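Peer 1: Under this note's numbering, the first residue of the sequence shown carries the number 891, and numbering increases by one thereafter.
If you are wondering where the hints come from, they were derived from the structure by calculation, not from laboratory data. Since we're looking at a predicted model, the values are computed, not measured. For every residue, glycine included, the Cβ atom is placed at its ideal position computed from N, Cα and C. Treat the hints loosely; a few may be bogus.
As the list claims (entries may be wrong) - DEER-style ranges, computed between Cβ atoms: (1) 930 x 906: 18 to 24 Å; (2) 1089 x 918: 33 to 39 Å; (3) 974 x 1072: 28 to 34 Å; (4) 1064 x 1044: 15 to 21 Å; (5) 964 x 936: 46 to 52 Å; (6) 1049 x 1078: 24 to 30 Å; (7) 1004 x 1073: 37 to 43 Å; (8) 1035 x 1062: 20 to 26 Å; (9) 973 x 1078: 23 to 29 Å; (10) 1018 x 1039: 21 to 27 Å; (11) 994 x 943: 46 to 52 Å; (12) 1067 x 1038: 15 to 21 Å.
Said to hold, decoys possible - Heads up, simulated EDC-like pairs for lysine to aspartate or glutamate below, C-alpha to C-alpha not over 20 Å straight-line: (13) 931 x 891; (14) 923 x 953; (15) 914 x 891; (16) 924 x 936; (17) 1086 x 971; (18) 1083 x 1005; (19) 914 x 953; (20) 1086 x 1036; (21) 986 x 953; (22) 1073 x 992; (23) 1069 x 1019.
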Amino acid sequence: DYTNLAMALRFLGGALGVPFMPIKSMLGTDLIKKYRFRKNKAKVIECPFTGEKVCLVPSVRPDFSIVHVQRVDMEGNVQIDGVVGEDSEGAKAGKKVIVLAEEIVNSAMIRMKPDSTVIPNIYVDYVVECPWGSYPMMVYNYYDYDLEHIRLYYMQCKTEEGWEKYCEEYITGVENHMKFLKKIGIERLMKLKAKKPFGY
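Take these sequences, add in the hints, and give me the full structure.
Peer 2: Here it is in structure tokens:
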């Protein structure tokens, strides 16, 4: 396993088109000290400029990167509100990029807030409108977590049988995403709608 920072740097390396990225923080972990990795998952080298030790992690270029965002236009210009994390690098690292968005908006709306455009259309291959696409998780400024459903998932999926039951009821047993949302119920979803000015 890689640390969260290591994965973010691997995506950044993929987005930049370089074969690896340096990371110093892993030098102090048992992942390196006891070398818990398979071969070629990380390397410790001497920096050619300073002579100090540095860890290298291989860049990653997934065949597909799927990112869920607040809004996108039909040309594929992606806007994310709030904390971006490594969504931008993860998308740009993908050989094909699929954007799922809470809403597809016109390009004029995107141009009104250019500072929110974190993934330009040159990286995007497909755009899909998918309201409530992160449910039961949250999307800032759109809806909050459904802790009740997350708890249900956690309790049911402790066993293989429970996982199969959950899967049948909420994943394979529903025809599509809209039928899934209908099963959850509009009243329940409306209770999760974000409240201004908090965003959740």
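Peer 1: Hinted pair, alpha-carbon criterion (20 Å max): residue 1073, residue 992. Please report holds or violated.
Peer 2: 19 Å, holds
Peer 1: Take a look at whether the Cβ-Cβ distance between residue 1049 and residue 1078 falls inside 24 to 30 Å.
Peer 2: The hinted range 24 to 30 Å holds for residue 1049 and residue 1078, with Cβ atoms some 26 Å apart.
Peer 1: For a C-alpha distance cap of 20 Å, please report whether residue 931 and residue 891 respect it.
Peer 2: 9 Å, holds
Peer 1: Please verify whether residue 1069 and residue 1019 have alpha carbons no more than 20 Å apart.
Peer 2: 15 Å, holds
Peer 1: Is 15 to 21 Å respected by the C-beta to C-beta distance linking residue 1064 and residue 1044?
Peer 2: This hint holds: roughly 20 Å between Cβ atoms.
Peer 1: Quick one, are residue 914 and residue 891 close enough, alpha carbons at most 20 Å?
Peer 2: 16 Å, holds
Peer 1: For the pair we were handed, residue 924 and residue 936, check the Cα-Cα distance against 20 Å.
Peer 2: Roughly 18 Å separates the two Cα atoms, so the pair holds.
Peer 1: Honestly, do residue 974 and residue 1072 meet the 28 to 34 Å range at C-beta?
Peer 2: 31 Å, holds
Peer 1: Given a hint of 21 to 27 Å, does the C-beta separation of residue 1018 and residue 1039 actually sit inside it?
Peer 2: Roughly 22 Å apart at Cβ, these two residues keep to the hinted range, so it holds.
Peer 1: At the C-beta level, are residue 1035 and residue 1062 separated by a distance inside 20 to 26 Å?
Peer 2: Given range 20 to 26 Å: holds, Cβ gap about 24 Å.
Peer 1: Range hint 18 to 24 Å: satisfied by the CB atoms of residue 930 and residue 906?
Peer 2: 20 Å, holds
Peer 1: Do residue 973 and residue 1078 keep their Cβ atoms within the hinted range of 23 to 29 Å?
Peer 2: 26 Å, holds
Checked against the numbered hints given earlier, the structure breaks hints 14, 18 and 19 and satisfies all the rest.
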